[in-house]
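Okay, here's what each chain looks like letter by letter:
Protein chains: 2
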Amino acid sequence: MNAHDRSFFTGTSAVQTPNQTALYRNPTASIQARTRDLLSRMTLREKVGQLNQRMYGWNAYRRTRSGFELTEALHAETERFAGLGALYGLLRADAWSGVDHATGAGAADSAALADLVQRHVVGESRLGIPALFVEEVPHGHMALDGTVFPVNLAVGATWDPELYEQAAAHAAVELRSRGAHLALVSALDIARDPRWGRTEECFGEDPYLASRLTEALVRGMQGNPGELFAPDKAPVVLKHFAGQGATIGGRNSAESELGARELHEIHLPAARAGVRAGAAAVMAAYNEVDGMPCAGNPALLTELLRERWEFEGLVMADGLAVDRLARITGDKVSAGALALNSGVDLSLWDEGFTHLGEAVERGLVREETLDAAVTRVLHLKFRLGLFERPYAADQLATSRTPPAAAAAPATAGRDLSTALARAAITLLHNNGALPIPSTATRIAVLGPQAATTAHQLGDYTAPQRPGTGTSVLAGLRRFAAPGVEITHARGCALTGGDTSGIPEAVALAGAADLAVVALGGSSARTPETDFAANGAAQQASSQMTCGEGVDLAGLRLGEAQYALLRAVSATGTPAVVVLVQGRPYAVPEAADLSAALLTAWYPGPWGGDAIAEILLGHADPSGRLPVSVPRSAAQLPVYYNHKDTEYGAYVDESAEPLYSFGHGLSYTTFAYGPPRLSGHTVAVDVTNTGERHGRTVVQLYVRRLLTSVWPRTLELCAFEAVTLAAGELRTVTLHLDPDQLAGTGTAEIRVAESARAALTAVPVVLRLTR
Amino acid sequence: MNAHDRSFFTGTSAVQTPNQTALYRNPTASIQARTRDLLSRMTLREKVGQLNQRMYGWNAYRRTRSGFELTEALHAETERFAGLGALYGLLRADAWSGVDHATGAGAADSAALADLVQRHVVGESRLGIPALFVEEVPHGHMALDGTVFPVNLAVGATWDPELYEQAAAHAAVELRSRGAHLALVSALDIARDPRWGRTEECFGEDPYLASRLTEALVRGMQGNPGELFAPDKAPVVLKHFAGQGATIGGRNSAESELGARELHEIHLPAARAGVRAGAAAVMAAYNEVDGMPCAGNPALLTELLRERWEFEGLVMADGLAVDRLARITGDKVSAGALALNSGVDLSLWDEGFTHLGEAVERGLVREETLDAAVTRVLHLKFRLGLFERPYAADQLATSRTPPAAAAAPATAGRDLSTALARAAITLLHNNGALPIPSTATRIAVLGPQAATTAHQLGDYTAPQRPGTGTSVLAGLRRFAAPGVEITHARGCALTGGDTSGIPEAVALAGAADLAVVALGGSSARTPETDFAANGAAQQASSQMTCGEGVDLAGLRLGEAQYALLRAVSATGTPAVVVLVQGRPYAVPEAADLSAALLTAWYPGPWGGDAIAEILLGHADPSGRLPVSVPRSAAQLPVYYNHKDTEYGAYVDESAEPLYSFGHGLSYTTFAYGPPRLSGHTVAVDVTNTGERHGRTVVQLYVRRLLTSVWPRTLELCAFEAVTLAAGELRTVTLHLDPDQLAGTGTAEIRVAESARAALTAVPVVLRLTR
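First to last, the protein sequences are chains A and B.
According to this note's numbering, the first sequence is numbered sequentially starting from 33.
According to this note's numbering, the second sequence is numbered sequentially starting from 33.
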């Protein structure tokens with residue numbers, strides 16, 4: 033040990049050697065006492081190590097002929113901090129990490145890899161402190177063989193928190209069964225500008241819908257942990273806190289110019305709900321909120337989150353967000369100090385947090401502040417039982433509930449993924465062409481999304497094994513009645529203006545009874561993608577028009593897609609347009625030129641099955657729009673819950689969206705009776721007035737009348753889905769949370785099938801006693 | 033007097049009869065004492081009357097064969113309040129008011145009309161209180177024969193506060209010489225979204241530039257009044273307070289979602305500067321700022337404006353803005369109370385303020401609050417000397433400085449208007465085609481803006497007498513050398529897709545040495561325009577694509593204009609494009625297809641002269657962009673002073689504007705030496721490196737380094753124009769206001785010819801001791 037190292041030994045108590053009988057090792061002691069005891073034994077260097085998550089996890093190992101070996105990089109990292117706080121992305125696989133089936137760990141060998149790393153970390157740690165393994169689980173674990181679920185925007189379209197909770201629970205089982213611990217999940221970003229490439233990661237534009245789904249996520253992944261997390265449950269890091277959906281121009285990680293009101297009413301409720309539901313951690317966002325980037329924003333991280341909301345969990349910074357603060361502090365040491373002082377506990381990839389020891393010595397941070405952060409990291413490790421069961425094998429052996437999905441992972445995951453996809457698909461327009469009638473015996477399946485699953489997955493997905501998933505074409509072939517002739521031509525690529533494939537598609541359309549035209553965008557990263565240091569795509573390559581870093585000004589699909597649709601439509605054969613997309617592209621033509629239009633968002637690998645089932649009428653389309661669909665980028669913003677200001681139309685365009693938030697057709701129709709109010713409960717009679725069974729999402733909107741601030745036109749305050757047989761009537765009961773109506777004297781309650789429909793729905797007036 | 037009227041007599045002292053020897057009538061007493069005395073004599077009804085400005089002024093009179101007569105409407109109004117507080121728009125003339133040369137008052141008879149009304153008001157007032165005559169003076173007095181100046185956006189392009197101050201002084205002379213008192217002038221709105229139809233009313237996107245011009249406006253109009261305004265000076269109502277330039281989607285009077293930082297750094301500085309310069313009044317804006325419309329926003333009007341800024345002037349509400357508050361208060365009485373309690377003194381057209389007596393009686397407002405507002409109205413009347421000289425004739429007779437412009441109004445006004453137009457014209461691109469060489473003896477003048485002055489004027493202009501002004505065609509015919517053949521075809525209309533006129537234009541272009549193609553937009557209201565109750569255009573009629581209420585999503589000119597430009601360009605004849613416009617339209621083609629491109633904004637009636645002088649090289653183009661020019665609406669926002677966040681390009685478009693804020697070419701070139709710093713003074717050597725004299729605007733930008741909040745990329749902090757002969761070198765000195773750099777430790781000073789150029793300019797580092 034050299035002199036410099038020695039200077040780190042300035043902990044609050046004398047350095048002690050590890051002791052197997054120490055309090056912190058006693059599983060019967062309280063976590064608080066164990067954490068306090070452990071902290072008191074740690075050196076400054078060891079403490080700083082706990083706050084770091086510097087390495088890209090895929091650099092920690094190398095595949096060998098017989099398994100895995102650890103790299104020098106990992107050795108250097110654990111030596112530097114005499115252990116390791118957290119390791120990001122050990123199992124991450126994608127074009128950026130460069131990990132694929134040839135180099136990475138699959139379902140079969142991930143636990144062994146995790147245990148290999150963990151054994152090394154524990155061995156290098158004087159006090160035997162295990163590392164946290166942190167993984168991306170945005171819509172399924174982003175690892176080889178991880179089940180891919182539909183993206184969040186599709187989840188938003190389901191309006192089905194219960195189903196999503198099951199999917200989240202499944203993802204947690206997969207994650208933990210592979211030796212990882214902490215799940216990074218986008219949940220808090222609100223989709224206010226579809227130009228943003230990360231729109232697909234949002235549950236939609238509405239704070240209430242996002243809150244309900246964030247709660248479901250936390251419940252599903254974490255269970256009801258109490259002090260200890262079950263071995264098949266995963267603590268969640270909710271991304272991103274806060275306001276990232278409001279960056280100007282839809283530009284990734286740019287500033288937001290939000291006022292306090294927008295921030296609190298639109299962008300914070302999902303975080304508040306997640307914190308109340310017990311989320312273990314949140315990630316501070318890149319963007320600036322009213323003066324400072326979130327990672328350097330004490331008003332946000334400390335005053336609001338910790339003090340007002342009494343959040344006791346962990347705050348992680350987004351990748352390299354701490355180092356960015358050096359732009360105004362002058363160097364990375366002070367950048368790290370600013371982040372820690374603002375409320376960040378654990379950094380990601382940054383250099384700044386590696387110098388926290390120096391920051392303490394320079395007086396930039398107080399050691400108590402550092403200790404508080406270390407306490408939160410250690411606390412989470414104790415809650416995970418990592419000191420008792422640091423290895424995946426142990427975890428699984430002691431699981432209280434046998435991990436059903438681990439027993440039959442492929443089937444359970446696929447079924448849940450397909451169920452979510454089915455529930456997400458939203459029918460926007462239908463002139464009667466759907467469901468496909470039995471008289472349609474010749475179907476042409478056309479378009480760049482028709483015969484591939486590559487673009488169904490969304491961003492943040494690992495490479496898939498060949499043969500995984502079903503395309504629209506495959507789904508139709510699987511589910512169509514025998515004897516139906518299905519033809520296919522791609523017509524054009526997703527991007528660019530090459531129309532040379534259109535004549536072939538037109539010929540098939542002309543010879544068919546019905547054309548299914550699958551259009552859309554893609555977030556599929558390829559090895560050619562040029563990545564920024566934080567893994568965001570820096571330049572769109574191949575056919576990428578969406579995903580992190582891939583923002584789009586004009587919201588247009590590749591021009592050839594419009595040409596294809598026009599040409600197919602001109603044949604006179606009814607064209608059903610299926611959009612596979614991570615944001616609402618501006619496709620006003622699709623409404624005019626199609627016999628029916630539906631959006632599947634990114635439905636996941638088995639989206640083709642779900643789409644086919646719905647096209648053929650085996651399932652009722654039950655998705656509802658979680659975002660307003662704009663006519664063009666020029667009319668943005670178009671969210672429904674703007675202030676109650678009457679917008680005159682633009683001279684050249686309406687100010688209203690093409691399709692309203694909440695909109696979605698069924699194959700049957702529903703009638704809603706007038707709402708009946710009793711206390712804070714609203715009852716409404718819903719009748720299936722059509723000839724098929726179907727599901728409607730009963731949406732309760734509030735329109736404030738007498739109130740203390742200028743109200744929004746409408747606010748979604750409750751929803752309840754109900755499935756009814758043809759002709760069936762049921763009374764649906766919805767509950768209002770009085771907290772949502774704070775500051776209001778009277779308000780109208782309107783129950784309808786979409787925000788637009790609510791504008792003309794029969795209201796009932798609620799009078800609140802203030 | 034009936035019982036109800038009697039109930040109004042609840043003033044703080046007994047009702048007294050008017051008394052010619054009363055203190056308030058004594059001109060040697062202090063204004064404060066006079067106001068206090070007068071207030072003490074007033075009934076509640078009379079007080080409420082002082083806060084009202086309900087009538088449309090043009091409804092107060094009717095033209096007769098021999099002059100004017102007063103209407104029943106005016107009689108009813110003065111009877112209702114036993115007098116009249118203020119009268120809006122007595123001299124207003126436009127399509128909305130329906131006033132034209134046949135029905136309204138021109139320069140010759142306005143004073144007589146004003147005096148007729150004033151005599152009636154004073155006669156109806158028990159205490160002989162004269163009315164304030166309030167007029168729109170956005171770019172010259174919006175009355176028949178009022179001199180029309182270029183719109184504010186053009187004024188912003190001059191970067192010439194001194195010249196603008198002269199124009200403002202001229203407008204004040206015209207206003208007062210016609211018997212009116214108070215000038216409503218747009219100055220505070222910052223142009224952040226060119227979709228907004230009122231962009232033309234903004235000085236640009238930059239708070240510093242807007243502040244300097246707002247100060248010039250106040251100085252020019254008000255002079256240096258001390259207690260009393262000179263008879264040829266006019267108190268100014270600065271419009272609009274605050275944040276109206278940031279309404280979402282560029283939608284007129286919609287909410288803004290601004291945070292405190294954007295509000296304070298971008299949208300408030302011009303107001304702060306105007307208040308410091310002594311502005312007599314501000315107008316509360318329509319838009320909501322973080323919870324409440326400005327007229328009902330005590331945080332803005334009282335806490336910020338009156339308490340923190342110590343503003344002692346008048347706060348006027350925008351038209352019908354008070355009544356809009358009934359949306360949340362439940363009725364107009366409480367709406368009026370909310371506005372008064374928030375800080376509004378004088379309403380405009382509203383019913384709410386007429387019920388303030390009832391509001392007092394219902395306990396919704398305290399009489400002291402009402403008294404404070406009345407005091408401010410009366411105070412302004414005393415400062416104007418209205419009690420001594422209520423009539424226009426008296427005013428002019430006692431003018432301290434003889435109103436030069438009144439002596440020769442047409443010439444002086446026209447010269448100033450033309451000078452502003454000349455200074456505003458901005459050359460964006462020039463491949464050498466300009467100035468038009470003497471070898472070009474055949475010039476084709478084409479396009480919908482070529483031969484008309486109708487669209488040069490902008491919104492808020494009165495009907496012009498036939499023959500007023502010069503078009504581009506007329507200007508070129510006037511200034512071109514003898515023997516130059518000038519031909520003309522319109523080619524197409526401003527709006528729509530009719531291309532039938534293009535062949536004629538192409539033929540002329542083909543036969544010419546040079547084509548001048550005048551394109552653009554229009555804010556010209558016509559009798560067919562459909563107006564909202566507040567006078568905003570409700571639907572664009574005829575060729576309107578800009579102006580209040582005329583917001584534009586796509587920022588595109590009429591499609592035929594693009595076709596015309598393409599066709600003319602295809603002839604091979606060099607095409608010089610002149611844009612006459614009230615916002616930056618998206619015309620990326622103009623840069624590619626033209627030999628030179630310039631924007632004249634709305635240059636006013638004599639804009640054609642100014643444009644011709646510059647095209648022919650009789651004057652150097654010296655305008656600089658006060659706004660960033662976008663490539664399209666899809667990439668908004670594009671202002672230069674965003675936070676220092678590196679924007680990756682959109683997939684389909686750059687995130688950078690087509691032309692940068694501050695950009696503008698000269699016919700000569702300039703070289704800037706490195707900046708030299710001495711204290712807060714920056715010196716830079718500027719050399720005219722070309723062969724002609726010319727004017728450059730030396731722009732000083734600050735780029736903050738070590739600072740307490742996340743900085744903007746650049747901030748304009750000083751500018752200075754300098755005119756140099758060919759080859760001349762001059763040292764230009766700029767002064768930094770240390771207040772502008774609060775919270776900053778070190779900053780780079782960059783001096784350049786545009787914001788974009790500043791990004792790569794040699795910096796000098798300024799260290800501030802904190």
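FYI, nobody ran anything at the bench for these hints, they're computed from the structure.
None of these values were measured; they are calculated from a predicted model.
A hint or two may mislead.
Since the list gives no way to pick out one identical chain from another, each pair is judged satisfied if it fits inside one copy or across any two copies.
Claimed, not checked - Derived SDA-like pairs: lysine to any residue, alpha-carbon spacing no greater than 20 Å straight-line:
{"#": "1", "residue 1": "LYS675", "residue 2": "ALA292"}
{"#": "2", "residue 1": "LYS675", "residue 2": "LEU737"}
{"#": "3", "residue 1": "LYS675", "residue 2": "GLU259"}
{"#": "4", "residue 1": "LYS675", "residue 2": "GLY323"}
**Request:** Using 20 Å as the alpha carbon limit, work out where LYS675 and ALA292 are close: within a copy, between copies, both or neither.
**Result:** both (15 Å within a copy, 18 Å between copies)
**Item:** Within, between, both or neither: LYS675, LEU737 at alpha-carbon 20 Å
**Value:** Within one copy, since 12 Å is at most 20 Å while 37 Å is not.
**Request:** With 20 Å as the alpha-carbon cut-off, assign the pair LYS675 and GLU259 to within, between, both or neither.
**Result:** Answer is neither: 42 Å inside a copy and 42 Å across each miss the 20 Å cutoff.
**Request:** Give the relationship of LYS675 and GLY323 under a CA distance limit of 20 Å: within one copy only, between copies only, both, or neither.
**Result:** between (24 Å within a copy, 9 Å between copies)
The structure fails hint 3 only (numbered hints given earlier).
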